[in-house]
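One-letter residues, chain by chain:
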Amino acid sequence: MTPSNPTYQYVGKSVLRNEGRNKVTGRAVYVDDIATPGALYAKTIRSTVACGRIKDIQFGPGIPWDEFTVVDVRDIPHNVVELIKADQPVLCDGVVRHREEPILLIAHPDKGMVENAAREIKITYEVEPAILEIGPGAVQTEYLIVEGDVDAAFASSDIVFEETYQTGSQEHVYIEPNGFIAEWQGDRIVLHGSLQCPYYVVKAVKMCFGIEEKQVEVIQETTGGGFGGKEEFPNVVALHAALLAKKSGKPVRLIYDRQEDMACSTKRHPSVSRVKIGVSRDGVLKALDFDFQIDAGAYVTLSPVVLSRGVLHAGGCYRWPAARIRGRSFTTNSPPYGAFRGFGAPQSLFATECAINAVADRLGMDPAEFRRKNFLHKGDKMPTGQVLDVEPNLDAMLDRVIAMSGWAEKRASMKKGSGRGVGLATILHGTGFTGSGEVYLQSRVALAGRADGKVDILVGSTEIGQGTETIFRQIAAEALRLPMEQVEFHKIRTSAVPNSGPTVASRTCSVVGRLVQRAAEQMFEKLDGKSVAEYVKANGSLRTETQFEPRPGLKWDDATYKGSAYGAYSWMCNVAEVQVDPVTATPKVETIFATVDIGTLINPTLAYGQVEGGVAQAVGWATSEKVTLRDGVMANCQMTNYIIPTSVDAPDIQLEFMPTPDPFGAFGAKGVGEMPMDGPAPAVTAAIGHAINKTISAIPATPEDLIS
Amino acid sequence: MRTNLADYECLTPGSVREALEQRATGRKLIPIAGGTDVMVWMNDGHLGKVGKVYQSLHALAGEWRYVKTDTEGNLRIGALATYSDVRHHEDVKKNYPMLVHSAQVTGAIQIQNRGTLAGNIANGSPAADTVPALMVYDAKLRLVNASGERVVELSEFFTGYRANVLKEEELISEIILPKPRFAADQQYYRKVGTREAQAISKVVFAGANDGKGNVRMAWGSVAPITLRSKKTEDAVAAGAAADDAWAILQTEITPIDDIRSTRDYRLKVSQRILADFLGKVHQ
Chain A
0 MTPSNPTYQY VGKSVLRNEG RNKVTGRAVY VDDIATPGAL YAKTIRSTVA CGRIKDIQFG
60 PGIPWDEFTV VDVRDIPHNV VELIKADQPV LCDGVVRHRE EPILLIAHPD KGMVENAARE
120 IKITYEVEPA ILEIGPGAVQ TEYLIVEGDV DAAFASSDIV FEETYQTGSQ EHVYIEPNGF
180 IAEWQGDRIV LHGSLQCPYY VVKAVKMCFG IEEKQVEVIQ ETTGGGFGGK EEFPNVVALH
240 AALLAKKSGK PVRLIYDRQE DMACSTKRHP SVSRVKIGVS RDGVLKALDF DFQIDAGAYV
300 TLSPVVLSRG VLHAGGCYRW PAARIRGRSF TTNSPPYGAF RGFGAPQSLF ATECAINAVA
360 DRLGMDPAEF RRKNFLHKGD KMPTGQVLDV EPNLDAMLDR VIAMSGWAEK RASMKKGSGR
420 GVGLATILHG TGFTGSGEVY LQSRVALAGR ADGKVDILVG STEIGQGTET IFRQIAAEAL
480 RLPMEQVEFH KIRTSAVPNS GPTVASRTCS VVGRLVQRAA EQMFEKLDGK SVAEYVKANG
540 SLRTETQFEP RPGLKWDDAT YKGSAYGAYS WMCNVAEVQV DPVTATPKVE TIFATVDIGT
600 LINPTLAYGQ VEGGVAQAVG WATSEKVTLR DGVMANCQMT NYIIPTSVDA PDIQLEFMPT
660 PDPFGAFGAK GVGEMPMDGP APAVTAAIGH AINKTISAIP ATPEDLIS
Chain B
0 MRTNLADYEC LTPGSVREAL EQRATGRKLI PIAGGTDVMV WMNDGHLGKV GKVYQSLHAL
60 AGEWRYVKTD TEGNLRIGAL ATYSDVRHHE DVKKNYPMLV HSAQVTGAIQ IQNRGTLAGN
120 IANGSPAADT VPALMVYDAK LRLVNASGER VVELSEFFTG YRANVLKEEE LISEIILPKP
180 RFAADQQYYR KVGTREAQAI SKVVFAGAND GKGNVRMAWG SVAPITLRSK KTEDAVAAGA
240 AADDAWAILQ TEITPIDDIR STRDYRLKVS QRILADFLGK VHQ
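Top to bottom, those sequences are chains A and B.
Residues in the first sequence are numbered from 0 upward in steps of one, following numbering that gives the first Met the number 0.
Residues in the second sequence are numbered from 0 upward in steps of one, following numbering that gives the first Met the number 0.
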């Protein structure tokens, strides 16, 4: 089913991807494709211990060091990677807090020489004991949400269930590793990069060098995927390239190879969740006590926000008369974990959904019926006190996914332990930043008319493979009543576009798209029947600009963590069908069935792509994508040994969209990018558990784990 | 790429004769056939651990790229025949189904179009997917040097982890498979990879029974080399039950924990594969 409004010209139509032709024909220019005559090739020299102090650095013999540019900590004006907390140095300050921590930067015109030189730098350390797991280290951030009388609610429950769940890390495996080219033009720096958030880079560079915003130009080149991995991490790469360019006076190319990228860059936060659920004998949820813990790694980076989203999603799509949700992030000696599709929600929802399935099992109830009794409805209060102001339509979505998947027949026919199983998970995902987060961002968007009659979309929101260029053109053309060919999206240069906020949090289509829609509507009114060319000729210019405005009545209090966490929620019901091989214990996820509410589909093909891609990524996280940590860093940092699903491994994915449009999202759109990451993992582990008659409480559930 | 290519030398002989003459000079020359392993070393910066001077066999394709059945009914696979050449060859499809299967599950199409079976053997990875199948078919290798040649059994070629009987002056010129002897339903090949495609084996097995007392079983990824479990073969040929065969097999395989799997998993899967194999071939 592909819903679309017949009155729209472009919205709801699967128009071709704006940049698609260049990508499939190989014409798209990625940062490593850019020719830079006279540039230096750069490499980062990294720590080989997880914790300790640098004792000595030796530059070995046989290398013409005088030909090299070498940057160390003394060359950095302000040694901080600017983000939430100023704790992460640009280069190690003498104290090593994780393996693969950058210590030196070297550059030379000959790339081969750089590789040889890197091998000849010997660093010795005074090694100290490292903390490599959640628990013993310092608590970085803590949240506590309490709603209702939790202890009394447990006391009045017939059954109290308790279990601990664990989720492993996950590597993004964007198709293009991180990379930047930096060049100083006088006192102004130009950075070409592969990135999600150009204005994050502007801020980091500005702060590190102590320069004005106008002295920093960030250009987003064609970016081969992000999944959150190019949200904050590119700041580090950009700073390193900029430092070498400053010292050498030459353009500098700092392009990671896959192994370096996998070993040193951010990944999904590993988590441990202790879940306690009180329920009545007839299957009504009474109380939730959820202790959510994540490994933050050595520095704060974005962990407080990841923790926040995990905490805010821990209650899932259920009505809890009483709930206590505690979240803590712990400092360890791993490289900092960072943004990754779902941003904490997949971790907490994995535990919630596993626990809901286990409680249904304990009650002897069909997990679908158990959910139906406890779904959130309009008017219900969530753990933050947010009262749902729209009906989530979960009953209909569940009915439909049950029918699509043949849930009842399969559950009846597949005996526990038979090697085949089905599992269920139903989840929600908040669109955009939290209430206060979007207000803080104050995102801005502009549209500019040109003398040739075309309109430029001016945003800092990036195309990272998800379709930003295409959907923004659809939205603007629709509201302007112009042919799409008249509306253009250009390569992002921060000097030319306003800051429309980071390209994260499933906010681009819904939240920023809404700003594009409003700017286009304002321009349509301004034109008042004139063509763009006529208006520009008559008035010299044509420009409209919009800024984020919070939806009326939405309140969020960061101090108490109470209020409306998100303005809108997307919803998804997932059924997984799995077969476990009797010889190898390998789980094969055969099919994921899902009903999906992301509001209006601006571009159905792109929406399917987002959901299918997210499902495949979630199935990988659940079954095969094991980040093997040694000394806190990824040891299997190769495509050969980090096992993402191939097209042969990925399940058949059967989707149906059941939209309830959000009046405050672009043409009714809600968040789409992250939600598909939330549900498949617990559905898959439930199905595996059914197939082998065992409880799965940790992912990835690899054949090695399942065979015993 | 973590390699400074300027540090390395690559010879490019135009003929087999020239290649063997170069090898006869006593220099250590690392032969490049398809180059699919060399590219990995180049990328990882490990080229130096393998050798400094390379010898491209590219121009020898005219002499050594073939798959054919000789007048005696033996299959001959030239050293530069690729996985794709082998898996699509009519004689191979008809007579050596496990070879087709094992070539199909090796790497991606790009690898299959470049990589050679001889290169796979010479590289000596215990996880090589085609080697167990070749061993079960009693493959022999023709090794040539500037002054002559010798033929060795593939099952006696490997002497240790990535070590073999090939001398510096020698190259593998062809792989010889005797006339087929196993009925199609008495052959069993199983690759247990880290995923369903483009995967490296965690356990790989080939087995066959000719019903006349000849049982062949070869294992990869469970020892430093790909090996035939000859004691287990003999026991099975003498009618041993699965449990007894397993007890013997455990004295022959020595799996380890590594980045891709665990010793425990490999043992359990080997035991199950053995039982599955014995259940599927008649004894």
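I should point out that these hints are in silico values taken from the structure, not numbers from a laboratory.
Honestly, I wouldn't trust all of these hints.
The calculated lysine to any residue pairs, modelled on SDA-like cross-linking and capped at a C-alpha distance of 25 Å, are [what the hints assert, rightly or not]:
| # | chain 1 | residue 1 | chain 2 | residue 2 |
| --- | --- | --- | --- | --- |
| 1 | A | Lys249 | B | Thr2 |
| 2 | A | Lys110 | A | Gln214 |
| 3 | A | Lys536 | A | Met483 |
| 4 | A | Lys121 | B | Lys230 |
| 5 | A | Lys110 | B | Met0 |
| 6 | B | Lys48 | A | Lys415 |
| 7 | B | Lys279 | A | Arg419 |
| 8 | A | Lys121 | B | Lys279 |
| 9 | B | Lys48 | A | Met483 |
| 10 | B | Lys48 | A | Asp455 |
| 11 | B | Lys51 | A | Asp281 |
| 12 | A | Lys249 | A | Thr35 |
| 13 | A | Lys110 | B | Trp245 |
| 14 | A | Lys121 | B | Asn42 |
| 15 | A | Lys245 | A | Gly209 |
| 16 | A | Lys249 | A | Pro76 |
| 17 | A | Lys554 | A | Met483 |
| 18 | A | Lys587 | B | Gly278 |
| 19 | A | Lys110 | B | Gly50 |
| 20 | B | Lys92 | B | Ala183 |
| 21 | A | Lys110 | B | Asp209 |
| 22 | A | Lys121 | B | Lys51 |
| 23 | A | Lys110 | B | Val49 |
| 24 | B | Lys48 | A | Gln637 |
| 25 | A | Lys415 | A | Asp281 |
| 26 | A | Lys415 | A | Lys536 |
| 27 | A | Lys110 | B | Gly47 |
| 28 | A | Lys110 | B | Trp40 |
| 29 | B | Lys166 | B | Ala183 |
| 30 | B | Lys230 | B | Ile258 |
Quick rundown of the hints versus the structure:
1. Pair hint Lys249 (chain A) plus Thr2 (chain B) holds up; C-alpha atoms about 24 Å apart against a cutoff of 25 Å.
2. With a C-alpha separation of about 29 Å, the suggested pair Lys110 (chain A) and Gln214 (chain A) falls outside the 25 Å cut-off, and the hint is violated.
3. In summary, the hint linking Lys536 (chain A) to Met483 (chain A) is supported, as the alpha carbons are separated by about 21 Å, within the 25 Å threshold.
4. Distance hint between Lys121 (chain A) and Lys230 (chain B) is unfulfilled; the C-alpha atoms sit about 50 Å from each other, more than 25 Å.
5. Only pairs whose Cα atoms come within 25 Å are accepted, and Lys110 (chain A) paired with Met0 (chain B) is accepted, the gap being roughly 9 Å.
6. Among the hinted pairs, Lys48 (chain B) with Lys415 (chain A) is inconsistent with the structure: their alpha-carbon atoms are about 51 Å apart, more than 25 Å.
7. Proposed proximity of Lys279 (chain B) and Arg419 (chain A) is supported: the alpha carbons are some 23 Å apart, at most 25 Å.
8. Between the alpha carbons of Lys121 (chain A) and Lys279 (chain B) the distance comes to roughly 57 Å, so the proposed pair goes past 25 Å and is violated.
9. Annotation: proposed proximity of Lys48 (chain B) to Met483 (chain A) is violated, straight-line Cα distance about 57 Å (limit 25 Å).
10. Restraint check for Lys48 (chain B) and Asp455 (chain A): the C-alpha separation of about 55 Å exceeds 25 Å, so the hint is violated.
11. Annotation: proposed proximity of Lys51 (chain B) to Asp281 (chain A) is violated, straight-line Cα distance about 74 Å (limit 25 Å).
12. At most 25 Å may separate the alpha-carbon atoms for a hinted pair to count; Lys249 (chain A) and Thr35 (chain A) meet this at roughly 10 Å.
13. For the suggested pair Lys110 (chain A) and Trp245 (chain B), the alpha carbons sit about 53 Å apart, so the restraint of at most 25 Å is broken.
14. Between Lys121 (chain A) and Asn42 (chain B), the direct Cα distance comes to roughly 22 Å. Compliance with the 25 Å bound is thereby established for this hinted pair.
15. A hinted pair counts as satisfied when its Cα atoms are at most 25 Å apart, and Lys245 (chain A) with Gly209 (chain A) qualifies at roughly 13 Å.
16. For the hint linking Lys249 (chain A) to Pro76 (chain A), the alpha-carbon distance of about 19 Å falls within 25 Å, and the restraint holds.
17. A C-alpha spacing of about 37 Å is found between Lys554 (chain A) and Met483 (chain A), which places the hinted pair above 25 Å, so the restraint is violated.
18. With a C-alpha separation of about 24 Å, the suggested pair Lys587 (chain A) and Gly278 (chain B) falls inside the 25 Å cut-off, and the hint holds.
19. A C-alpha spacing of about 21 Å is found between Lys110 (chain A) and Gly50 (chain B), which places the hinted pair at or below 25 Å, so the restraint holds.
20. A hinted pair counts as satisfied when its Cα atoms are at most 25 Å apart, and Lys92 (chain B) with Ala183 (chain B) qualifies at roughly 11 Å.
21. About 57 Å separates the Cα atoms of Lys110 (chain A) and Asp209 (chain B), which puts this hinted pair outside 25 Å; it is violated.
22. Our distance criterion of 25 Å between C-alpha atoms is met by Lys121 (chain A) and Lys51 (chain B), whose separation comes to about 23 Å.
23. For a cut-off of 25 Å, the pair hint linking Lys110 (chain A) to Val49 (chain B) stands: about 21 Å separates their Cα positions.
24. Using a Cα cut-off of 25 Å, the hinted pair Lys48 (chain B) and Gln637 (chain A) holds, with the two alpha carbons roughly 19 Å apart.
25. Pair hint Lys415 (chain A) plus Asp281 (chain A) holds up; C-alpha atoms about 23 Å apart against a cutoff of 25 Å.
26. At most 25 Å may separate the alpha-carbon atoms for a hinted pair to count; Lys415 (chain A) and Lys536 (chain A) exceed this at roughly 74 Å.
27. For the given pair, Lys110 (chain A) sits about 17 Å from Gly47 (chain B) by alpha-carbon distance, which is consistent with the 25 Å threshold.
28. Note on Lys110 (chain A) and Trp40 (chain B): the hinted pairing holds, with a Cα-Cα distance of about 17 Å set against a maximum of 25 Å.
29. As the CA atoms of Lys166 (chain B) and Ala183 (chain B) are separated by approximately 36 Å, the hinted pair breaks the 25 Å bound.
30. For the given pair, Lys230 (chain B) sits about 29 Å from Ile258 (chain B) by alpha-carbon distance, which is inconsistent with the 25 Å threshold.
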